[in-house]
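With the hints as your guide, set chain W onto chain Z.
In order, the protein sequence lines correspond to chains Z and W. Here the first sequence is numbered in my numbering, starting from 50 and rising by one per residue. Here the second sequence is numbered in my numbering, starting from 44 and rising by one per residue.
It is possible that part of the hints are untrue.
Quick partial rundown of chain W residues pointing at chain Z, CB under 10 Å, derived from the structure [as the list claims (entries may be wrong)]:
| no. | residue |
| --- | --- |
| 1 | TYR96 |
| 2 | ARG122 |
| 3 | ASP207 |
Chain Z stretches covered by chain W per the calculated footprint, using a threshold of three residues with CB under 8 Å from any CB of chain W [claimed, not checked]:
| no. | stretch |
| --- | --- |
| 4 | 136 to 146 |
| 5 | 418 to 427 |
In case anyone wonders, no lab produced these hints; they're calculated from the structure. All C-beta atoms, glycine included, are put in the ideal place defined by N, C-alpha and C.
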Amino acid sequence: MLQEESDLSLIIAQIVQKLKGSNLYSQLERQAWASLQRPEIKLESLKEDIKEFFKISGWEKKLQNAVYSELSVFPLPSHPAAPPEHLKEPLVYMRKAQGSWEKRILKSLNSMCTELSIPLARKRPVGEQKELLNKWNEMGTDEPDLSLFRPVYAPKDFLEVLINLRNPNYENGDSLSFRTHLGLIQVPLKVKDIPELKECFVELGLNIGQLGIDDSTQVPPELFENEHVRIGQKVLSEQDSAAAQQYIRQGSPTALRAELWALILNISSQPEDVLYYEQLKTNVIQHDLLVDSLIYKDVKLTASNDDYYFVFEDYLYQVLLCFSRDTSVLSHFAFNSASPPKSYIRGKLGLEEYAVFYPPNGVIPFHGFSMYVAPLCFLYHEPSKLYQIFREMYVRFFFRLHSISSHPSGIVSLCLLFETLLQTYLPQLFYHLREIGAQPLRISFKWMVRAFSGYLATDQLLLLWDRILGYNSLEILAVLAAAVFAFRAVNLMEVTSLAAAEAVLADLSTLKVMPLLQIFLFATVT
Amino acid sequence: MSRVLVPCHVKGSVALQVGDVRTSQGRPGVLVIDVTFPSVAPFELQEITFKNYYTAFLSIRVRQYTSAHTPAKWVTCLRDYCLMPDPHSEEGAQEYVSLFKHQSPSMTFPKWLSHPVPCEQPALLREGLPDPSRVSSEVQQMWALTEMIRASHTSARIGRFDVDGCYDLNLLSYT
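The following block holds chain Z by itself, in its conformation from the complex (with noise of 0.2 Å):
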């Protein structure tokens, strides 16, 4: 159809122009030029020698990465009347929700500024620059008084905004009727239901070995681990993104990780990325930011207190506080329905030419943002390459646990998938729970918007990462939020307070989460 090729067009001339920027073009330049001088490059058939010089030597390859990452991550482009807002959220109702919703934070953070009179950006005098280059290593040592910040916003401050959106266009009345929703989320979203799920995550199937399942110690290796980790191996050796990112559908080995999560994730440590690693490192010990403080709070707050995260504290401040100076990350706002908070150089009030984005990067972070980091450290010991790597994840994932879109990724559709799922399978449940003031979603909110670090085990979260990783998705997190509720389904029966349902599904850390998602997805009757 001629819309489908212009549609493919359009495609392929935005990855151009997007990867016409990057190193991997002036790399392949490079190769090009070099390859001139090799024997089997001929005059007359430049062009097909040099294509296949660069498949033989594995660029082409490199290339294939790059442009699968693109499509990964960029959306389709948009009709072309369409205007950029169109772009980053469709309906006008939830870009007017998320402006709202940012106009408060930043009133929040203003007036953290002026009671407080701390600026939200100075510049260190060289001493203490001196001195913080000293103690890179060892930021956790540090006990600043933190006492006056409070986090910007926690979760539950969220989802009473989410809570309340609503489409002028919906009407569901205000009175209980077969058209309210019955859970928290009253904006019609599309969802999946179990039987599409079931197509989407085929890979999650009974009859389909899982690590997580398939590699307990009662299963002999041989009967799918050891297949597994060879097949895991020849991905890696062959380098193709897509080829691993289908792969780890079914889990990736222990030792096999660190580089297939940078493999679907194309980072690959150049010398590039390092000095860049590095040049944000010194934007740090230059300029100290309000968001500093906030950052040193919430690491204080959550991953030190955690017995699995608090020996990663150090590494946590080295790539938090430097990810607030990566003015890159500003790119990803194209595509997010959150805009970056701006403001003037003092005494420049107004003029366009003193704008400038606060934090550099645009993202203020709230209680609870440095545990998207933390699961990270047990994979990468780098510095750069951890920083690469959390922050490919946010730009691709994370972002949607925190804006309010429409996008079937987002925290919305997320909640709005949860409540569902539970509603139609595990209907007495749900009834019960929202009798007694327990509405499931006020209990798994928390779960969704940190993506379960710091309720999973590590190796329990880490699994269900190499599942986001491997769909592309965020929904998996809702699938799990609704699996949870119906293994203590018994318990939740018995509850009869919000606070005695909290109780029970406080602890997850035993939690088992392939057999879970299997149950709840292949075994349970519809």
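Using the frame of chain Z, we list chain W on its own:
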């Protein structure tokens, strides 16, 4: 082949409803929007572009004059074209849509054209992937276009978040 916007007058939507609009409680599911083309010479319509707002299905009817003597008749160009796959959910609800001439064979206007626009023969559409050399030539065109656009932008300083070394900020701005 250059394309121009045709000036048109879009009237407000009218509900198709049985009974008295004022007293009836029911909400009609069908609305009609009239589009007229005032004082425009005959033209060949290529594309209709609009932004949807919760319309699930679209039909387009055109009043055609076949000759000076026979009365004009209404022709259906498009019937029940689906804009929202699930009308009870948000999919497609606020999307930008383009409808092309090839989607409706009868979507032409009066038989003679005063602007002799060459009529594009529909390309032999191959099943599967489009012709690569055609795509690459289109890509080159688009590349040239994007380069032009890029050249006209002032170059941003990559990686720097300050202004001339200064990042001394007052408060966050709400606008």
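Taking the hints in turn, this is what the structure says about them:
| no. | hint | in the structure |
| --- | --- | --- |
| 1 | TYR96 | holds (7 Å) |
| 2 | ARG122 | violated (19 Å) |
| 3 | ASP207 | holds (9 Å) |
| 4 | 136 to 146 | holds (count 3) |
| 5 | 418 to 427 | violated (count 0) |
Consistency with the previously given hints fails for numbers 2 and 5, ordered from lowest to highest.
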